[in-house]
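Student: With chain A's structure known, arrange chain B on it following the hints.
So the chains spell out like this:
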Amino acid sequence: MGAYTLLRVERGGLEPGIPGQFFMLSPPGRLLPRPMSVCLAPPGELAFLLEVVGPGTRALAALDSGAELAVFGPLGNGFRLDVGRPLLVGGGVGIAPFPYASEALGGPRAVLGFRSAAHAEAAALVPQAEVVLEPTYVTECLPGGEWDVLACGPEPMLERVRALAPTAQLAWEAPMACGYGGCYGCVVEVEGRLKRLCVDGPVLEAAA
Amino acid sequence: MSVPILNASGCLDALAAPAVARSLDGFVTKTVTPLPRDGNPPVRIAETDVGMLNSIGLQNPGIEAFVTDHLPQLAQLAVPIWVSVGGFTAADYAETCAALDPRPEVAALELNVSCPNVEEAPESIAELVAAARAETSKPLYAKLSPAVPDIAELARAAETSGADGLSLVNTIRGLALDERTLAPRLARGAGGLSGPALKPLALAAIFACRLATDLPIVGMGGVQTGNDALELLAVGACAVSLGTVLFADPEAPARVRRELGDAAAAHGFASAADAVGAAHTARGEPALVRDQPKVSV
Numbered sequence: 001m002g003a004y005t006l007l008r009v010e011r012g013g014l015e016p017g018i019p020g021q022f023f024m025l026s027p028p029g030r031l032l033p034r035p036m037s038v039c040l041a042p043p044g045e046l047a048f049l050l051e052v053v054g055p056g057t058r059a060l061a062a063l064d065s066g067a068e069l070a071v072f073g074p075l076g077n078g079f080r081l082d083v084g085r086p087l088l089v090g091g092g093v094g095i096a097p098f099p100y101a102s103e104a105l106g107g108p109r110a111v112l113g114f115r116s117a118a119h120a121e122a123a124a125l126v127p128q129a130e131v132v133l134e135p136t137y138v139t140e141c142l143p144g145g146e147w148d149v150l151a152c153g154p155e156p157m158l159e160r161v162r163a164l165a166p167t168a169q170l171a172w173e174a175p176m177a178c179g180y181g182g183c184y185g186c187v188v189e190v191e192g193r194l195k196r197l198c199v200d201g202p203v204l205e206a207a208a
Numbered sequence: 001m002s003v004p005i006l007n008a009s010g011c012l013d014a015l016a017a018p019a020v021a022r023s024l025d026g027f028v029t030k031t032v033t034p035l036p037r038d039g040n041p042p043v044r045i046a047e048t049d050v051g052m053l054n055s056i057g058l059q060n061p062g063i064e065a066f067v068t069d070h071l072p073q074l075a076q077l078a079v080p081i082w083v084s085v086g087g088f089t090a091a092d093y094a095e096t097c098a099a100l101d102p103r104p105e106v107a108a109l110e111l112n113v114s115c116p117n118v119e120e121a122p123e124s125i126a127e128l129v130a131a132a133r134a135e136t137s138k139p140l141y142a143k144l145s146p147a148v149p150d151i152a153e154l155a156r157a158a159e160t161s162g163a164d165g166l167s168l169v170n171t172i173r174g175l176a177l178d179e180r181t182l183a184p185r186l187a188r189g190a191g192g193l194s195g196p197a198l199k200p201l202a203l204a205a206i207f208a209c210r211l212a213t214d215l216p217i218v219g220m221g222g223v224q225t226g227n228d229a230l231e232l233l234a235v236g237a238c239a240v241s242l243g244t245v246l247f248a249d250p251e252a253p254a255r256v257r258r259e260l261g262d263a264a265a266a267h268g269f270a271s272a273a274d275a276v277g278a279a280h281t282a283r284g285e286p287a288l289v290r291d292q293p294k295v296s297v
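Residue numbers (my numbering), protein chains in the order written: chain A, 1 to 208; chain B, 1 to 297.
Bound-form chain A, shown alone:
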């Protein structure tokens, strides 16, 4: 998928959860699992969009077809889908939950930012996506008017979205060891308060 890898997993009897929830994926040969939000959930399958940033994602991206993979989930709190005028705002691999969210929301408008054309190929997973390439930032291209923003991307992008759309739902990311509340590793500071993303998030209200 351009600069990213779309990892497709048979899910057997696992529920896919709701958009914005995540699974812990155990890369072969690594000590800790990696949190990945559900990108697509066609019948019998789960798909995850990942960017190789270290040994864990490298091992996941290198899995051969037919290889076994331990997954644990769905975990955390997903997006509220009871919104009237949804707008998906994504940055980089942060678009990962939006193909599934777009399907659940009936294909809403989406503005997705990437750092190169190769990265932007992943926008094909999201219907009606408007693509923005750096040096222009996605937060400079949001449409006017009132929107129910669902955002996922790097922290500076989320902070900017929060300033522009105080009612937005923001999906955060942090290194995470367990995914179920045990390690206290995945905290992010939101308006001066520390939140455990696995049990308090990963989707948090902008005006939390």
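Among the hints, erroneous ones may be present.
DEER-style ranges, computed between Cβ atoms [claimed, not checked]:
1. A/Gly66 with B/Glu179: 49 to 55 Å
2. B/Ala152 with A/Glu191: 48 to 54 Å
3. A/Tyr137 with B/Arg188: 26 to 32 Å
4. B/Leu175 with A/Glu155: 21 to 27 Å
5. A/Gly192 with B/Glu119: 21 to 27 Å
The following residues of chain B were derived to be distant from chain A, with all beta-carbon distances above 12 Å [as the list claims (entries may be wrong)]:
6. Ala14
7. Gly51
8. Pro102
9. Ser161
10. Ala212
11. Phe269
12. Gly284
Chain B regions said to be covered by chain A (calculated; three or more residues, Cβ under 8 Å) [said to hold, decoys possible]:
13. 4–12
14. 53–59
For the record, the hints were derived by calculation from the structure and aren't laboratory data. Backbone N, C-alpha and C fix where the C-beta goes; we use that ideal spot for every residue, glycine too.
Tutor: Only chain B this time, still in chain A's reference frame:
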């Protein structure tokens, strides 16, 4: 007689994952300090090729909220509760132990006198244990770091000062760099190293402390499998705690318990408890096998 399997402090939130807590023979809380603590800024964890680094920094609600809000909920789990006690002075340890002593929900106290992520108390371990001992009649375990020249000396000091047992071992300080930027991956730079890298250190520490004291030892450090647990028993632990493995495998308590039974049988022991001290007898040191210590859980 089965070997108790607990969690290492800070590796499980029993209220967020009650089923995991119930699969243990005892639940050890995250360290509680007199005052609430937000802990360290993120990034707080990093995986390395040989283990995991954490820099949580003793995030906890403080003893007052713990006793009022958390303890009654933990008691509902019907699992023996061990409370990990932390602080920055001997008076801190004494205060927290005094607040917990009258609580019937608390089965035992573990003194975290070796957190690698905060400033150490200025007093010696003997002084910290003695201060806690003066305030409680609960079973009192001292959790020691292997990153010392002579852990046996600390074990003897803890015993002399009134500890009822030892928890061996805490994490040791380590650091990891981002492969692209070469910047430290944790916000604080260094953090506590846990996981497989810790097992040889735990084995050495338990081996030495078993020779040096009669105190029962809860062994921990890099246990991933039943075989790992068997090794900790062999050097002298009589209970085993699971830490980092719980992050990757919430079903580890049942799995390790099953594997431990199989591993003990494969070595010809009638039960896992019979493997306690086997590394010492294997060296032909029968005098070192004392009555097997029992951990109160």
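Student: Each hint should be assessed against the structure and marked as holding or not.
Tutor: Going down the list of hints, with the structure as the test:
Distance hint for A/Gly66 and B/Glu179: a CB-CB separation of about 29 Å, inconsistent with the stated range 49 to 55 Å. In this structure the supplied range 48 to 54 Å holds for B/Ala152 paired with A/Glu191, their Cβ-Cβ distance being about 49 Å. Between A/Tyr137 and B/Arg188 the CB atoms are about 30 Å apart, so this pair conforms to the stated range of 26 to 32 Å. Evaluation of the 21 to 27 Å hint for B/Leu175 and A/Glu155 yields a pass: the beta carbon distance comes to about 23 Å.
Our hint of 21 to 27 Å for A/Gly192 and B/Glu119 holds, since their Cβ atoms are close to 23 Å apart. Its beta-carbon lying about 9 Å from the closest one in chain A, B/Ala14 breaks the requirement of being farther than 12 Å from that chain. The Cβ of B/Gly51 does not lie farther than 12 Å from every Cβ of chain A; its closest approach is about 7 Å, which violates its non-interface assignment. No Cβ of chain A comes within 12 Å of the Cβ of B/Pro102; the nearest lies about 28 Å off, and the non-interface call holds.
For B/Ser161, the non-interface assignment is confirmed: its Cβ lies about 30 Å from the closest Cβ of chain A, beyond the 12 Å cut-off. Here B/Ala212 stays apart from chain A, with its beta-carbon at least about 32 Å from theirs, past the 12 Å limit. The beta carbon of B/Phe269 is kept farther than 12 Å from every beta carbon of chain A, the shortest such distance being approximately 29 Å. Chain A leaves B/Gly284 outside its interface by the beta-carbon criterion, the shortest separation being 37 Å against a cut-off of 12 Å.
With 3 residues having a Cβ less than 8 Å from any Cβ of chain A, the segment 4–12 of chain B passes the three-residue criterion, so the hint holds. Residue count for the segment 53–59 of chain B with a Cβ under 8 Å from a Cβ of chain A: 3. That meets the three needed, and the coverage hint holds.
Hints 1, 6 and 7 from the list above are not met by this structure, while the remaining hints are.
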